[in-house]
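Dock chain B against the given chain A, drawing on the hints supplied.
There are 2 protein chains.
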Amino acid sequence: MYKENNLKKLAKIFSDMPGIGVKSAWKMVFYILKLDKEKVLEIANTLVSVSKNTKKCRICQNYTEEEICSICGDAKRNKEIICVVENPRDVISFEKTNSFFGTYHVLHGLISPIEGIGPREIAIKELIINIKKNKNIKEVILATSPTTEGEATAMYIAKLLKPLNIVVSRLAYGISIGSEIQYADNMTILKSIENRNKLI
Amino acid sequence: MYKENNLKKLAKIFSDMPGIGVKSAWKMVFYILKLDKEKVLEIANTLVSVSKNTKKCRICQNYTEEEICSICGDAKRNKEIICVVENPRDVISFEKTNSFFGTYHVLHGLISPIEGIGPREIAIKELIINIKKNKNIKEVILATSPTTEGEATAMYIAKLLKPLNIVVSRLAYGISIGSEIQYADNMTILKSIENRNKLI
Chain A
191 MYKENNLKKL
201 AKIFSDMPGI
211 GVKSAWKMVF
221 YILKLDKEKV
231 LEIANTLVSV
241 SKNTKKCRIC
251 QNYTEEEICS
261 ICGDAKRNKE
271 IICVVENPRD
281 VISFEKTNSF
291 FGTYHVLHGL
301 ISPIEGIGPR
311 EIAIKELIIN
321 IKKNKNIKEV
331 ILATSPTTEG
341 EATAMYIAKL
351 LKPLNIVVSR
361 LAYGISIGSE
371 IQYADNMTIL
381 KSIENRNKLI
Chain B
191 MYKENNLKKL
201 AKIFSDMPGI
211 GVKSAWKMVF
221 YILKLDKEKV
231 LEIANTLVSV
241 SKNTKKCRIC
251 QNYTEEEICS
261 ICGDAKRNKE
271 IICVVENPRD
281 VISFEKTNSF
291 FGTYHVLHGL
301 ISPIEGIGPR
311 EIAIKELIIN
321 IKKNKNIKEV
331 ILATSPTTEG
341 EATAMYIAKL
351 LKPLNIVVSR
361 LAYGISIGSE
371 IQYADNMTIL
381 KSIENRNKLI
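Chains A and B, in that order, give the protein sequences. For reference, each letter of the first sequence is one residue, going 191 to 390 in this note's numbering. For reference, each letter of the second sequence is one residue, going 191 to 390 in this note's numbering.
Extracted from the complex, chain A is given alone in its bound form:
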């Protein structure tokens, strides 16, 4: 095998990243070798800076380099609605639609007894404190995935929010837009019938 140590080490670093196989890792190594030394130094500095300076937003727990993230700090966002999501990637997904102008709360995980993750291991307490402190909040959208863990987490949070007298909603789940019904699974079809909308 290829014995050059640092090259091998770098390939291992890349292949340890999520979704990167050994072949892609080596492609990335050779890509790095073709870059200017200055560019690689810049990449290295960005990595260190991101790792050192990124913290969680004091309000929504999303990653940020400031005390408060750019969404929570944006005066134009509607602070009356909080969309509760599993992780920062979900925030990106919602933001890409350019159609949600409320704020978020990032749980950084879902309740999962099998993996030993209880309600205290994810940012539920921070959500409740935030809502209790902020009397403007009118609605909380529970936007976790429709998986066992996602449902359980949503139900758990809904129970906690019940006494607070605010609207608690859940995303609509049904047939994906652009997909074919023949390929949808049973549970999705069942949900799409249960939650059908009247047309006329």
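Incorrect hints may have been included.
Copies of the same chain look alike in the list, so a pair counts if it works inside one copy or between any two.
In silico lysine-lysine, BS3-like type, Cα no more than 30 Å apart, as pairs [said to hold, decoys possible]:
id: 1; residue 1: 246; residue 2: 322
id: 2; residue 1: 202; residue 2: 315
id: 3; residue 1: 322; residue 2: 245
id: 4; residue 1: 352; residue 2: 325
id: 5; residue 1: 286; residue 2: 315
id: 6; residue 1: 199; residue 2: 266
id: 7; residue 1: 322; residue 2: 202
id: 8; residue 1: 199; residue 2: 323
id: 9; residue 1: 198; residue 2: 246
id: 10; residue 1: 199; residue 2: 224
id: 11; residue 1: 266; residue 2: 202
id: 12; residue 1: 328; residue 2: 213
id: 13; residue 1: 198; residue 2: 242
id: 14; residue 1: 224; residue 2: 242
id: 15; residue 1: 224; residue 2: 213
If you're looking for bench data, these hints aren't it; they were derived computationally from the structure.
Chain B alone, transformed into the frame defined by chain A:
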């Protein structure tokens, strides 16, 4: 969109890498955020060290951190056979088979008039000089891919090697092991008939 600048910059760095889409890039960013600061520093140092210390082997032109790479410097390798490949990734592919014990020569590209890459842009000269200097070399295997550029490069090198009185061979091309003939393309089937082997 997600406005945290360094995070966005790091996602861009990752998505600029070969085969990495925007979604994978963000996954990698969040992976980095979950790592210890020390581990990230180590990654950054490896990147810089690889970029600074990697050079081309004086003999075979493959990437190495020494003057001579670990394969060319290995006394157990058969120095009489040189396998000529397009790039360092191909060396890894051959090495993984654990069945070739000769040495390599890495061209770092293929002749491609469309892309403006002539014979001087790739390491052909170094191969010829190496063979002329080293009287032990008995065979050169032209192991470029069976694409237009790969064939053209192999034919070009074969012509240069003709006066040197050594065996020049090309890899066998045919139906891939484990694949089904119904899915093979016409050229592959044609080659597999042309180069058929007598059994009895």
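To see whether the hints hold, each was checked on the structure:
{"no.": "1", "hint": "246 x 322", "in the structure": "within (20 Å within a copy, 63 Å between copies)"}
{"no.": "2", "hint": "202 x 315", "in the structure": "neither (38 Å within a copy, 33 Å between copies)"}
{"no.": "3", "hint": "322 x 245", "in the structure": "within (23 Å within a copy, 61 Å between copies)"}
{"no.": "4", "hint": "352 x 325", "in the structure": "within (15 Å within a copy, 86 Å between copies)"}
{"no.": "5", "hint": "286 x 315", "in the structure": "within (28 Å within a copy, 51 Å between copies)"}
{"no.": "6", "hint": "199 x 266", "in the structure": "between (46 Å within a copy, 24 Å between copies)"}
{"no.": "7", "hint": "322 x 202", "in the structure": "neither (46 Å within a copy, 38 Å between copies)"}
{"no.": "8", "hint": "199 x 323", "in the structure": "neither (49 Å within a copy, 34 Å between copies)"}
{"no.": "9", "hint": "198 x 246", "in the structure": "between (34 Å within a copy, 16 Å between copies)"}
{"no.": "10", "hint": "199 x 224", "in the structure": "both (17 Å within a copy, 20 Å between copies)"}
{"no.": "11", "hint": "266 x 202", "in the structure": "between (44 Å within a copy, 27 Å between copies)"}
{"no.": "12", "hint": "328 x 213", "in the structure": "neither (50 Å within a copy, 32 Å between copies)"}
{"no.": "13", "hint": "198 x 242", "in the structure": "both (26 Å within a copy, 15 Å between copies)"}
{"no.": "14", "hint": "224 x 242", "in the structure": "both (27 Å within a copy, 11 Å between copies)"}
{"no.": "15", "hint": "224 x 213", "in the structure": "both (17 Å within a copy, 24 Å between copies)"}
Hint compliance for this structure: hints 2, 7, 8 and 12 are not met, and every other hint is.
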